[in-house]
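Put chain B on the given structure of chain A with help from the hints.
2 protein chains.
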Amino acid sequence: MREKILETVTELFIHKGFHGTGVQEISKAVNLGRGALYYHIGSKEQILFDISMSLLRSALDTTLPFVDTDDPPDVKLHNIARALLRHHATHGEGWQVAVREARFLSEEYQQQVIDARREFEQLWHRVLQEGARAGLWRAVDAVDVRGVLGMFNYTARWMRADGPLSPEQIADRYVDLLLTGLIERSERSERSDRPDQPEPPPE
Amino acid sequence: MREKILETVTELFIHKGFHGTGVQEISKAVNLGRGALYYHIGSKEQILFDISMSLLRSALDTTLPFVDTDDPPDVKLHNIARALLRHHATHGEGWQVAVREARFLSEEYQQQVIDARREFEQLWHRVLQEGARAGLWRAVDAVDVRGVLGMFNYTARWMRADGPLSPEQIADRYVDLLLTGLIERSERSERSDRPDQPEPPPE
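Protein sequence lines, in the order shown, are assigned to chains A and B. Take the first sequence: its position 68, counting from 1, is numbered 68 in the numbering used here, and each next residue is one higher. Take the second sequence: its position 75, counting from 1, is numbered 75 in the numbering used here, and each next residue is one higher.
Don't read these hints as lab results, they were simulated from the structure. One or more hints might be untrue.
Since copy identity is lost for identical chains, a pair holds within one copy or between any two.
Said to hold, decoys possible - Below, computed lysine-lysine pairings styled on DSS-like, alpha-carbon distance capped at 27 Å: (1) Lys44 with Lys16; (2) Lys44 with Lys4; (3) Lys28 with Lys16; (4) Lys4 with Lys28.
Bound-form chain A, shown alone:
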């Protein structure tokens, strides 16, 4: 029941925004009187908070099992990247609401959302630090981690379920880009032998 309400209200928030969606409208969409709605969820702000937190918690829940293993850090990195993009692919609308509307939450609720986001960020930081300690790549700080997450989170704005690449393929490409960079040694020497390569087609 609660799940269903959150889903329906996510749709409403997507199309009309938090402020553009009235309680009356929510009540009608979920087919519950205002009293019953309040009983199940609480205020409109409470619904927005629940949407944001259930999203962040499920992102944490899908990531943690790949962090708490004995896999090598590079395998972990691929796994958490794939998990995140799968999550974006399946919860795209929820992410949009959580990102766009969270500023309308009260300070106390906002702080809880920020804490949950930070917790998620910490998981990535941890995996990246493990790789650095294992000598696989260089040390990273919070600015690097945000750059990395920016790359992955931005997919929410353009990734389509029916796109040519799966979430996992995009995740693997970005992990490789982050690890090896655009300057690849082998490609560079290969390319210098073929200076007149055709340009990739424009989008």
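For chain B alone, coordinates are given in the frame of chain A:
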């Protein structure tokens, strides 16, 4: 006058969203009657469109001069990255509104915003292709370009004017990360001397 109105309404949209901001409220905040407001700008939707477009145009205008030069592609890349993060640092609120509220525009307006975004994306694609053709780094496609832009655009969500790193410093760090990757070459060759390191994961 128009500039001033857009700035004031950007503030309102930041705090209350497009749908949470009434025309009456706008009219009061900019100290103009509804008639005069309509004369200067038009509808509320028109204001949102103008905020988004003037932002995207100014981002294009600050980027173009660094693209249309004879600088080597790596210098161009550093320059457009710095220009973008400076733009984010000085137009943070405008970016937030443009990103969050653009979905409330009519389809026709949305298309113009999308076209302008694509134009901006193309500038980055062009610089990255020039570097690839010059043999500085590997070829990129639209998915790479979006990953790169994700890294930079995500800064709008966390970069603070009084943060410890300047926009230029963050830009330089991210460009370096993109070009060389986390696996720095010295580390990479070091690793080949230690064959018992875990292999990089299959693509």
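Comparing the hints with the structure gives:
Both within a single protomer and between protomers do lysine 44 and lysine 16 lie at most 27 Å apart by alpha-carbon distance, with minima of 14 Å and 15 Å respectively. In the homo-oligomer, the alpha carbons of lysine 44 and lysine 4 lie at most 27 Å apart inside one protomer (15 Å), although the nearest pairing across protomers, at 33 Å, exceeds that limit. When the C-alpha separation of lysine 28 and lysine 16 is checked against a cutoff of 27 Å, the pair qualifies both within a copy, at 15 Å, and between copies, at 24 Å. With identical chains, the CA atoms of lysine 4 and lysine 28 are at most 27 Å apart within one copy only, with a shortest distance of 14 Å there and 40 Å across copies.
Hint violations for this structure: none, all hints satisfied.
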